[in-house]
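Based on these hints, arrange chain W on the given structure of chain R.
Just so you know, the sequences run in chain order R and W. Number 137 in this note's numbering belongs to position 137 of the first sequence; there are no gaps in the numbering. Number 4 in this note's numbering belongs to position 4 of the second sequence; there are no gaps in the numbering.
Some clues are possibly wrong.
Which copy? The list can't say, so a pair holds if one copy fits it or any two copies do.
Here are the simulated lysine to aspartate or glutamate pairs, EDC-like style, with alpha carbons at most 20 Å apart [unchecked claim]: (1) 197 with 135; (2) 163 with 217; (3) 288 with 3; (4) 47 with 82; (5) 249 with 39.
Because the hints were derived from the structure by calculation, they are not lab data.
There are 2 protein chains.
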Amino acid sequence: MKEIKIFSPGTIANVSCGFDALGCCLDTIGDEMIIRKTDKKGVQITKITGDDLPFETHKNVAGVAALALLEKYNKSIDYGFEIEIYKNIKPGSGIGSSAASAAGAVFGINKLLNEPFTAQELILFASKGEELVSDFPIADNVAPALLGGFTLVKGYDPLKVLKLPVMDDLYATILHPQIEIKTSESRAILPEKANLKDAVKQWANVGALVHALHTEDYDLFGSSLHDLIVEPYRSQLIPGFDQVVKTAKDNGALGSGISGSGPSIFSFCKGIQQAEKLRDKIKKVYKKADIPFHIYVSKINKKGIKLI
Amino acid sequence: MKEIKIFSPGTIANVSCGFDALGCCLDTIGDEMIIRKTDKKGVQITKITGDDLPFETHKNVAGVAALALLEKYNKSIDYGFEIEIYKNIKPGSGIGSSAASAAGAVFGINKLLNEPFTAQELILFASKGEELVSDFPIADNVAPALLGGFTLVKGYDPLKVLKLPVMDDLYATILHPQIEIKTSESRAILPEKANLKDAVKQWANVGALVHALHTEDYDLFGSSLHDLIVEPYRSQLIPGFDQVVKTAKDNGALGSGISGSGPSIFSFCKGIQQAEKLRDKIKKVYKKADIPFHIYVSKINKKGIKLI
Chain R
1 MKEIKIFSPG TIANVSCGFD ALGCCLDTIG DEMIIRKTDK KGVQITKITG DDLPFETHKN
61 VAGVAALALL EKYNKSIDYG FEIEIYKNIK PGSGIGSSAA SAAGAVFGIN KLLNEPFTAQ
121 ELILFASKGE ELVSDFPIAD NVAPALLGGF TLVKGYDPLK VLKLPVMDDL YATILHPQIE
181 IKTSESRAIL PEKANLKDAV KQWANVGALV HALHTEDYDL FGSSLHDLIV EPYRSQLIPG
241 FDQVVKTAKD NGALGSGISG SGPSIFSFCK GIQQAEKLRD KIKKVYKKAD IPFHIYVSKI
301 NKKGIKLI
Chain W
1 MKEIKIFSPG TIANVSCGFD ALGCCLDTIG DEMIIRKTDK KGVQITKITG DDLPFETHKN
61 VAGVAALALL EKYNKSIDYG FEIEIYKNIK PGSGIGSSAA SAAGAVFGIN KLLNEPFTAQ
121 ELILFASKGE ELVSDFPIAD NVAPALLGGF TLVKGYDPLK VLKLPVMDDL YATILHPQIE
181 IKTSESRAIL PEKANLKDAV KQWANVGALV HALHTEDYDL FGSSLHDLIV EPYRSQLIPG
241 FDQVVKTAKD NGALGSGISG SGPSIFSFCK GIQQAEKLRD KIKKVYKKAD IPFHIYVSKI
301 NKKGIKLI
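Chain R with its partners taken away, still in its complex shape (with noise of 0.2 Å):
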């Protein structure tokens, strides 16, 4: 195999309760990438469209997570990799836009390797990536844009990540408002420290959402989307926040919360149907604020990164 095409998909990260440790897969947004074996040595980014992102492979999520990769691979190749990247996640949107460039990359390599590397393996490099544009190697997206599902990064030292089973019948509508959240300025604002009392409701509803994963217990699932600690701060950077919250509520939604470090708004359901009802009345409401947005509707993706 000479080159590979794949859709690297979006990622909902911290899930509400879940802040720096849960994550699931989106199906319907995503990115195309290209990844081709070459002669010229090393890792060349051939083509970006969608985005003015860098080509510089050391300065691209993808270029580093590809490097990552080619450092712990103890066989001397006399090739190297060029990759293409069509960019439809906006950076910023808070699905997981450098996560799908770098979980990518690795997927794309280690395909053309002949898979020499575990799925845990490459979160680790993936995770590399994200390190150029978080300042940590976070794993929350890489993971379930690698795994597919609902993931949990058990800790980093060493990485582990669990894969964690999915109802069939769980769909997102996602509102991305079109302004720009940098996740290192939504971490910034966010406390050091927690209420203890807030904690334990926290890790609680983290336990009940894993158990709900198991036990295909949509109700159980959506009375656990409750975040005490982050979106507090967070939400205040969203504008028309609680109003979606409110509307996915009021229309049947199992729960909604903020994606990553936002300012998209995830909203989970139990079908298509109401998913798109959904999107159909956020997006009435959303109208008012007189900011762009899109939205999207997703099914919860089991899979991952896919070959097309």
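Frame of chain R; chain W shown alone:
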């Protein structure tokens, strides 16, 4: 049925990462209780052996729990109940002494009334007994005593408890140093706030522990048993804590922690042989501490309270 004799088990609350949320049920450590219909209306505590506890119904956790149940029973009855309590679990041991009494009382009376109440309702009544000694109707010990296995208190408003699955071969070795730590004291030393970074690790571990129980993954279960928030404070009240934990680690335990508010220290093991071997090692080590102690080995009890 006029009379019921039960075994009401000890319990491990918190289970390291799940402060005020997780709990599990023991099998060989517990009280015995007899609950009997009598002509005299109301609830009387007629016998207590093994400890010096109040006989006045309103001052005894079993009595208060029983009254909470009867208050919600909507049929008029022309009889009452008497309760005999044969305590084996020392109050202030950290293995759910008051919870065993409260849970046993409501379990027994519910049986004698032909089971009008659900398990969730019984947990609520029993938690009212706990309120007498904890200033809060805490459910993390009464829930596993009533449901068996591992439980997660998802929240209190309304009370919602989840029963988690548990591996067949999971045992606990429990050291009870004979010093008394009052729950109120061990709660008073806790900080009101936790570092957000520690809280993230804690909820990642709670999520991982729930996943481990569902997937019967002993190693993941063990690696989730960390408490960065409460244990650093409470362990200082327990002489020899670090040495017991190290002994457990060196002898193949899956993990260790403080049972409830202490001073008991639990270590989980895979299989009874491992648990008994560890008991003998800890015995040797703790003899040097010059503090009287009990040490137990117990399977994790999947059923909770049992008829005897």
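Do the hints match the structure? See the list:
For the homomeric pair residue 197 and residue 135, the shortest alpha-carbon distance between copies (15 Å) is at most 20 Å, but the shortest distance inside one copy (30 Å) is not. Taking the shortest Cα distances, residue 163 and residue 217 sit within 20 Å of each other both inside one copy (17 Å) and across copies (13 Å). In the homo-oligomer, the alpha carbons of residue 288 and residue 3 never lie at most 20 Å apart, since the shortest distance is 46 Å inside one protomer and 67 Å across protomers. Taking identical chains as interchangeable, the C-alpha atoms of residue 47 and residue 82 lie at most 20 Å apart only when both belong to the same chain, with a minimum of 9 Å there against 81 Å between chains.
Taking the closest pair of Cα atoms, residue 249 and residue 39 never come within 20 Å of each other, the shortest separation being 55 Å inside a single copy and 52 Å across copies.
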